[in-house]
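Following UniProt numbering, the numbering of the sequence shown begins with 1 at its first residue and continues without gaps.
The hints are simulated quantities; they were obtained by calculation from the structure and are not laboratory data.
Please note that the accuracy of each hint is not assured.
[As the list claims (entries may be wrong)] Taking lysine to any residue pairs in the SDA-like style, the calculated list, with each CA pair at most 25 Å apart, reads:
#: 1; residue 1: K37; residue 2: P125
#: 2; residue 1: K37; residue 2: A67
#: 3; residue 1: K97; residue 2: L184
#: 4; residue 1: K97; residue 2: G148
#: 5; residue 1: K175; residue 2: H134
#: 6; residue 1: K97; residue 2: A67
#: 7; residue 1: K97; residue 2: A6
#: 8; residue 1: K97; residue 2: R176
#: 9; residue 1: K37; residue 2: G25
#: 10; residue 1: K175; residue 2: G148
#: 11; residue 1: K97; residue 2: E111
#: 12; residue 1: K175; residue 2: P96
#: 13; residue 1: K175; residue 2: R244
#: 14; residue 1: K97; residue 2: G181
#: 15; residue 1: K175; residue 2: E109
#: 16; residue 1: K37; residue 2: R3
#: 17; residue 1: K175; residue 2: A146
#: 18; residue 1: K97; residue 2: F193
#: 19; residue 1: K175; residue 2: E61
#: 20; residue 1: K175; residue 2: P99
#: 21; residue 1: K175; residue 2: R57
#: 22; residue 1: K97; residue 2: E61
#: 23; residue 1: K37; residue 2: F65
[Claimed, not checked] Cβ pair distances, simulated, as ranges:
#: 24; residue 1: L15; residue 2: R84; range: 16 to 24 Å
#: 25; residue 1: P2; residue 2: G171; range: 18 to 26 Å
#: 26; residue 1: H55; residue 2: R236; range: 14 to 22 Å
#: 27; residue 1: G25; residue 2: T201; range: 36 to 44 Å
Backbone N, C-alpha and C fix where the C-beta goes; we use that ideal spot for every residue, glycine too.
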Amino acid sequence: MPRGDAARAVAGARLAGLARGLPDGLTVRMMDLDDSKRLGDFRVRVVATLEDPDHYRMAGEVGDFVADHLGDKGVTAGIFRDGRLVAYGALGLPGPKDPNRGRDLDLPEEELSLVAHMSSAMVDPAERGRGLHHRLIDWRLEVAEALGCRHLVTTVSTRNHRSWGHLAGHGVYPKRMLRVGGDLVRLLVHRDFQSTPVFDTATAGLVAIEALAGRWDVFERGHVWGRVSLGEGNDRRWYALHGRAR
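Work out the full structure, taking the sequences as your base and the hints as a guide.
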């Protein structure tokens, strides 16, 4: 799978789809090492605004996120308003000696070179609700497939149902739970570009989001397919929808 300049060329050639139909005033471009401070500062600022600190903890990352994803171990697209970064999406491209989430899925050794990491996407709170996160998911899916990736993998907080729910809506499903960074419980989400799983609705079950981190058994009987809500207003609650594939 290409990395470095070759990967950036492939990713850059697919920016048109990301740019098409963006809300007025927004532009998009590839980010590089010259953007290191801009990306680092933006990430710190967005994480500080999260209503639940568990939604994203940098302690769960491996390596140097900024240097890796702006350098030869990834590709990153930035969305800007008046030259100010307001969103980004990063795709990690691990090499043979790098940490690889494919191992957490027990993938065969020969398939690890076909793994990409759906590493991170963040959106400025002022720009949320405009579909930017979905656009950045689609762009990374397109880039990963164009690079010859077979497996797309990342980890997400069990409580961050907005993020993993969006990913599931694009066919990137929570398949397992694991611990990262010592004691952080995370969902391991995965998409195999050579497989299109179909949900067996006869096996469907619901688990409240706040209880999901303790329900390792869910993944012994299948996996999570998405999120659903019940109730309205102050009584609205979110649930993980789980079950087997046909």
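Pair hint K175 and R57, alpha-carbon separation not exceeding 25 Å: Status holds; Cα separation ~20 Å.
K175 paired with E61 [C-alpha distance capped at 25 Å]: Holds. K175 to E61 sits at ~19 Å (cutoff 25 Å).
Satisfaction of hint between R176 and K97, Cα-Cα up to 25 Å: With Cα atoms ~24 Å apart, K97 and R176 stay inside 25 Å; holds.
Proposed proximity, R244 with K175 (alpha carbon, max 25 Å): Holds. K175 to R244 sits at ~11 Å (cutoff 25 Å).
Given pair status - E111, K97, alpha carbons within 25 Å: holds, 14 Å
Satisfaction of hint between A67 and K97, Cα-Cα up to 25 Å: holds, 16 Å
K175 paired with A146 [C-alpha distance capped at 25 Å]: holds, 24 Å
25 Å Cα cutoff - pair K175, P99: Judged against 25 Å, a Cα distance of about 19 Å means the pair holds.
Restraint check for K37 with G25, where alpha carbons must lie at most 25 Å apart: holds, 23 Å
Distance restraint hint 36 to 44 Å, applied to the beta-carbon atoms of G25 and T201: Because 42 Å falls inside the window, the suggested range holds.
Holds or violated: K37 to P125, with C-alpha atoms at most 25 Å apart: Cα-Cα ~20 Å, so holds.
Whether the CB-CB distance between L15 and R84 falls inside 16 to 24 Å: holds, 18 Å
Violated hints for the displayed structure: none, as all numbered hints are satisfied.
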